[in-house]
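Asker: In the order they appear, the protein sequences are chains A and B.
Each residue of the first sequence is one higher than the one before, starting from 6 at the first, in my numbering.
Each residue of the second sequence is one higher than the one before, starting from 10 at the first, in my numbering.
Calculated from the structure, these hints are not laboratory results.
Even glycine gets a Cβ: it sits at the ideal position worked out from N, Cα and C.
Among the hints, a few may not be true.
20 Å max Cα-Cα, derived EDC-like pairs, lysine to aspartate or glutamate [unchecked claim]:
id, chain 1, residue 1, chain 2, residue 2
1, B, Lys12, A, Asp76
2, B, Lys28, B, Glu214
3, B, Lys26, A, Glu97
4, B, Lys136, B, Asp79
5, B, Lys229, A, Asp61
6, B, Lys140, B, Glu120
7, B, Lys424, A, Asp61
8, B, Lys12, A, Glu112
9, B, Lys12, A, Glu97
10, A, Lys91, B, Asp79
11, A, Lys94, B, Asp79
12, A, Lys91, B, Glu214
13, B, Lys27, A, Glu135
14, A, Lys228, A, Glu201
15, B, Lys28, A, Glu135
16, B, Lys26, A, Glu136
17, B, Lys27, A, Glu136
18, B, Lys444, A, Asp61
19, B, Lys26, A, Glu135
20, B, Lys28, A, Glu97
21, B, Lys210, A, Glu135
22, B, Lys229, A, Asp76
23, A, Lys92, B, Glu214
24, A, Lys91, B, Asp344
25, A, Lys139, B, Glu214
26, B, Lys27, A, Glu97
27, A, Lys133, B, Glu214
28, A, Lys92, B, Asp344
29, B, Lys229, A, Glu64
30, B, Lys28, A, Glu136
Incomplete in silico selection of chain A near chain B, CB under 10 Å [said to hold, decoys possible]:
id, residue
31, Tyr18
32, Asn55
33, Ile57
34, Ala78
35, Ile80
36, Tyr82
37, Arg87
38, Leu89
39, Gln104
40, Lys156
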Amino acid sequence: MYALEAKNVSKTYVNHKALDNVSIQVGQGSVFGLLGPNGAGKTSLIRIINQISVMDEGEILLNGRKIKPADTALIGYLPEERGLYKKMKVGEQAVYLAQLKGVKKQEAVKQLKTWFEKFEIAGWWNKKVEELSKGMQQKLQFIATVMHHPKLLIFDEPFSGFDPINVNILKQEILNLRNEGATVIFSTHNMASVEELCDHIALINNSKVILSGEIGEIKNRYKPNIFRIEYKAQNILDIDNTKFEIVSSENNKGVMAADIRLLNGSRSNDLINVLVPQCEIKSFNEILPGINDIFIKEVKA
Amino acid sequence: MNKIFLIIQREYLSRVKKKSFIIMTFLGPVLMAAMIILPAFLADWSEATHKNVAVLDESGWYYGKFKDQDNISFYQVHNDLDTDKEKALYEKGDLFLYIPKTELNLPVYAELFSTKQAGLNVTSYIKSVMKKEAENKKLLASGIDPNVIKSSKVDIKLSTIRVEEGGIEKKSNTEVEVGLAIFAGIMIYFFIFMFGAQVLKGVMEEKQSRIVEVILSSVKPFQLMMGKIIGIAMVGLTQFLLWILLTGIFLGVFQSGLIGGNTDMMSVLSQGGTSAQIAAAGTETVSADPYAMVTEIISGINFKIMIFSFLFYFLAGYLLFASLFAAIGGAVDHDTDTQQFMLPVSIPLIFSVAMSGVIINQPDSSLSFWLSMIPLTSPVTMMIRIPFGVPVWQIVLSMSLLVTGFVASTWMAGKIYRTGILMYGQKVNYTILWKWLRQKH
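Just chain A, with the same shape it has in the complex (with noise of 0.2 Å):
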C-alpha cells in the first residue's frame, strides 16, 4: 500500500495543461523528490494533492484509499512561496495555522513551546512576524508546517532561502521526521539535496512524468557503461577497439586515468583481462550519472 497514489490526474487551467495524465506512488515513509523545470507541472499536482485545486480527471489515493477534505490534517504543506500574516505575533500565528490543522490549542502550545527551544526562536513568540528576519519566518513557516505530526509532509522547494546551516537542520529534521514514520515528498531544482536524500524519485516535464522509480534503479538505468581506471603504465594503452572505447585520458603526475566505455556486450571483467597484462592498476569504478544529468538529458530530450 502506498502512502500516496495519484492515478492519471489531470488538470487544465484557462489556457493551458497544467497536467496530463500523471500518476506517481509514494511509498510508506520514503523521501520522494518531485522534479521537474519551472512549469512542469509540480505545483499543479502538489496542490491538488493538498486539495487546494481540484483535479479534472484520475484520483488521489492516500494510504489506499480517496483522498478526502478531512484528510488535510494529516498533510503538512510548506508552499514554495512562503507567507504568513506580517501583523501577527509569532506565537499567535503558529497556534492559530495548528489549530486549523486541527490540533487543540492548549496542544498547539505546549507542542510550538518544544520546537521553539528546538529552532532557537523561543525568545520570538510575542513579536509580530515582520519583526523575525527572513530566516527566522523560514524556520517559523517550517515548524508550523510540521507541528500537527502530519503522516504525509510535501515540501515545494524547502531549502530555498536558508543559508546553509538552516540547510543542515532542515535536511536533518526532514530525516527526523521520515525516521518517526512520515512520508515526505518535496520538489526541488536542487539536485544534490535530491542525491542526498531522496530514495524515489519522478520527474515531470510537460504537464507529464517522463521518469519515475527508485534512484539507484534510474541511476544504473542511465548508466553510460563507463569505466574510470587509474593505473601506471609505461606504454600506450592496446584495447580492441570492437568491445572498448576509450573516452577520455589525462596523465596526472604520473598517474595515470582513463574513461572507458564497454562496446557490444563486453562485461568490466573483460576490460580488468585487458588491461591486467599492460599496466598496475590503482583504482577501477563504474562512473554512474548524476540526477542532474539525468535531468538535463530528459529534459531536453
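Knowing the structure of chain A, use the given hints to seat chain B on it.
Answerer: Here is chain B on its own, set in the frame of chain A:
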C-alpha cells in the same frame, strides 16, 4: 464548521485589538455627540454670561423701552457721550448704547460700544426693541393704533398628518424625517464602504503575503472568504453598538455636567437613546419649543422598524458588497489593479446617495420605489425612505430581493475568489473573470 469559526475569530480579534479600531470607536461618538452638543452648547454659553448695558438716549424716545432680559440688564445714563462711555466701558466693564439725537427723522441710528464682542442676543434684542418702537411711532403718526395691528396678527401653524393603513393618524414633521433619512442613508453608505474596504484589503493582504496557500491547505477557499466577511461584519456591528452606547454615555455626561442650563435643550438631549433619535433631536434643538414637539414626533416614528431595518440593510447590504470586494481582492495582484473593478461596484452605492435629495422630496415616486428594490441600491435608498413610511410589502419585497442578491453575489464571488486567489501574474480583465466564473470545479 469549526474551522470557519476559527477564521471568524481571528478576523474579528485581530481587528478589534487594533489601535485604529479603538480610536475610531471613541472618536466616532465624540464627533457625533459634538455635532449635537456643540451648537446647543455654544448658543447656551454665549447667553450664560450676564451683560449690563448702559443706555445714553439723547433722542429720549427709547427710555424705559429696554426691559431686563435673562442675561441682559439695562440702566440709563444721562451725562454726555464721552464721560458715560468711559465710565461704562472701562470702569464698570459694561456695554454702552448710544442713541444720538435727531432733529427731523425718527431716531433709527444707534451705536453699541463694547470691549468684547457684543453677542448676537444683545444686538438682536436692541434692534428688535428699536424697530418695534419706531414702527409704532410711525403707525401712530399715520393715525393707526398699533394695538389694532397687533390684534390682527395671526400665527399659522401647519401640522402634517400622515394617515397610515387602518386610519391611524400620526403627526409628523418633515424636518425630523429628513434628518433621520439622511442620517440613516449616510450611515449605511459609510458602514458598507468602510467595512467592505476592509474585506478587500484583508483578501489582498493574504494574497500578497502568500499566506493564503498555507491556509487553503487546511480550509476551503469559500470558508476562508466567508470567515473573513463574517468576521469583519461582526467588527462593524461591534463598532456600531459601541457607538450607540458611548454616544449615550457622552450625552449623559454632558447633561449632568451642565448645571442650570437650558432645560428645554436638556430634555431634548435626554431623548437621545439611539443615534437615530439623536439625529432627530439634533435638528430640533434650534426650533422654538423643542421638547414637546420632539417627543411627539419621536413617538410618531417607529423606531423598532428603523433599528431593525438599519441592522438588516447594513448586514445584508454589507454581505452583498463585501462578497464583491472579496472577489476583486482575490482576482487582482496589486492595489492599483483594483480601480477598474471598484468603480462599477461603487457606482450604484454612490448613485443611491447622490439621489437621496430626489428620494427625500418624493419618497413614494417610482424612482424611489425601484431604487429601493434593486439590491445594489436598496440598502441606502430604503433606509432613506423608511422614516417617511413605507408599506410593509415593499420592505419585505426589498429585503427578499436583497437576500437573493447577496446569495447570488456570494456564489459568484466564491467562484472568482477560489480561482483568482492562487493566480499570480495574470492580467485580469472582465473576460478572464467570466471564464473563471464558468470554470467547473
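Asker: Now, for every hint given, state plainly whether the structure supports it.
Answerer: Each hint tested on the structure:
The straight-line distance between the Cα atoms of Lys12(B) and Asp76(A) is roughly 14 Å, inside the 20 Å bound, and the hint therefore holds. In summary, the hint linking Lys28(B) to Glu214(B) is supported, as the alpha carbons are separated by about 19 Å, within the 20 Å threshold. A distance of roughly 13 Å separates the Cα atoms of Lys26(B) and Glu97(A); the hinted pair therefore holds under the 20 Å criterion. For the given pair, Lys136(B) sits about 17 Å from Asp79(B) by alpha-carbon distance, which is consistent with the 20 Å threshold.
A threshold of 20 Å between alpha carbons decides the hint, and for Lys229(B) with Asp61(A) the separation of about 17 Å falls inside it, so the pair holds. Between the alpha carbons of Lys140(B) and Glu120(B) the distance comes to roughly 14 Å, so the proposed pair stays at or under 20 Å and holds. Between Lys424(B) and Asp61(A) the alpha-carbon distance is near 16 Å, which keeps this suggested pair within the 20 Å criterion. For the hint pairing Lys12(B) with Glu112(A), the CA-to-CA distance comes to about 17 Å; that is within 20 Å, so the pair holds.
Taken as a hint, the Lys12(B) and Glu97(A) pair is honoured in the structure, with Cα atoms around 16 Å apart against an allowance of 20 Å. Restraint check: the Cα-Cα separation between Lys91(A) and Asp79(B) comes to about 63 Å, which exceeds 20 Å; the hinted pair is violated. For the hint pairing Lys94(A) with Asp79(B), the CA-to-CA distance comes to about 62 Å; that exceeds 20 Å, so the pair is violated. Proximity of Lys91(A) to Glu214(B) is assessed by CA-CA distance (about 9 Å); at most 20 Å being required, the pair is judged to hold.
Taking the CA atoms of Lys27(B) and Glu135(A), the gap is about 16 Å. The hint holds against a cut of 20 Å. Between Lys228(A) and Glu201(A), the direct Cα distance comes to roughly 19 Å. Compliance with the 20 Å bound is thereby established for this hinted pair. Taken as a hint, the Lys28(B) and Glu135(A) pair is honoured in the structure, with Cα atoms around 17 Å apart against an allowance of 20 Å. Of the supplied pair hints, the one linking Lys26(B) and Glu136(A) holds, its CA atoms being roughly 19 Å apart against a limit of 20 Å.
Between Lys27(B) and Glu136(A) the alpha-carbon distance is near 17 Å, which keeps this suggested pair within the 20 Å criterion. A C-alpha spacing of about 16 Å is found between Lys444(B) and Asp61(A), which places the hinted pair at or below 20 Å, so the restraint holds. For the proposed pair Lys26(B) and Glu135(A), the alpha carbon gap of about 17 Å is at most 20 Å, so the pair holds. A C-alpha spacing of about 18 Å is found between Lys28(B) and Glu97(A), which places the hinted pair at or below 20 Å, so the restraint holds.
The straight-line distance between the Cα atoms of Lys210(B) and Glu135(A) is roughly 18 Å, inside the 20 Å bound, and the hint therefore holds. Between the alpha carbons of Lys229(B) and Asp76(A) the distance comes to roughly 12 Å, so the proposed pair stays at or under 20 Å and holds. Taking the CA atoms of Lys92(A) and Glu214(B), the gap is about 10 Å. The hint holds against a cut of 20 Å. Under the criterion of a C-alpha separation no larger than 20 Å, the hint pairing Lys91(A) with Asp344(B) is consistent with the structure, at around 17 Å.
For the suggested pair Lys139(A) and Glu214(B), the alpha carbons sit about 18 Å apart, so the restraint of at most 20 Å is met. Taking the CA atoms of Lys27(B) and Glu97(A), the gap is about 15 Å. The hint holds against a cut of 20 Å. Between Lys133(A) and Glu214(B), the direct Cα distance comes to roughly 16 Å. Compliance with the 20 Å bound is thereby established for this hinted pair. A hinted pair counts as satisfied when its Cα atoms are at most 20 Å apart, and Lys92(A) with Asp344(B) qualifies at roughly 18 Å.
For the proposed pair Lys229(B) and Glu64(A), the alpha carbon gap of about 19 Å is at most 20 Å, so the pair holds. Straight-line distance between C-alpha atoms of Lys28(B) and Glu136(A) comes to about 18 Å, which keeps the hinted pair within the 20 Å bound. Because the closest C-beta pair between Tyr18(A) and chain B is about 9 Å apart, less than 10 Å, the hint holds. A cut of 10 Å between beta carbons decides the hint on Asn55(A): the least distance to chain B is about 4 Å, and the hint holds.
Checking Ile57(A) against chain B by beta carbon gives a least distance of about 5 Å; that is within 10 Å, so the hint holds. Given hint, Ala78(A) at the interface with chain B, holds; its Cβ is 8 Å from that chain's nearest Cβ, closer than 10 Å. A hinted interface residue such as Ile80(A) counts as satisfied when its beta carbon comes closer than 10 Å to some beta carbon of chain B; here the least separation is about 7 Å, so the hint holds. Given the 10 Å rule on beta carbons, the hint for Tyr82(A) holds: about 4 Å separates it from the nearest Cβ of chain B.
Taken as an interface hint, Arg87(A) checks out: its beta carbon lies about 6 Å from the nearest beta carbon of chain B, inside 10 Å. Satisfaction of the interface hint for Leu89(A) is found here, the shortest Cβ-Cβ separation to chain B being roughly 6 Å, below the 10 Å cut-off. With a least beta-carbon distance of about 5 Å to chain B, the hint placing Gln104(A) at the interface is held under the 10 Å criterion. Hint on Lys156(A) is violated. Least Cβ distance to chain B is approximately 14 Å, over the 10 Å limit.
Hints 10, 11 and 40 from the list above are not met by this structure, while the remaining hints are.
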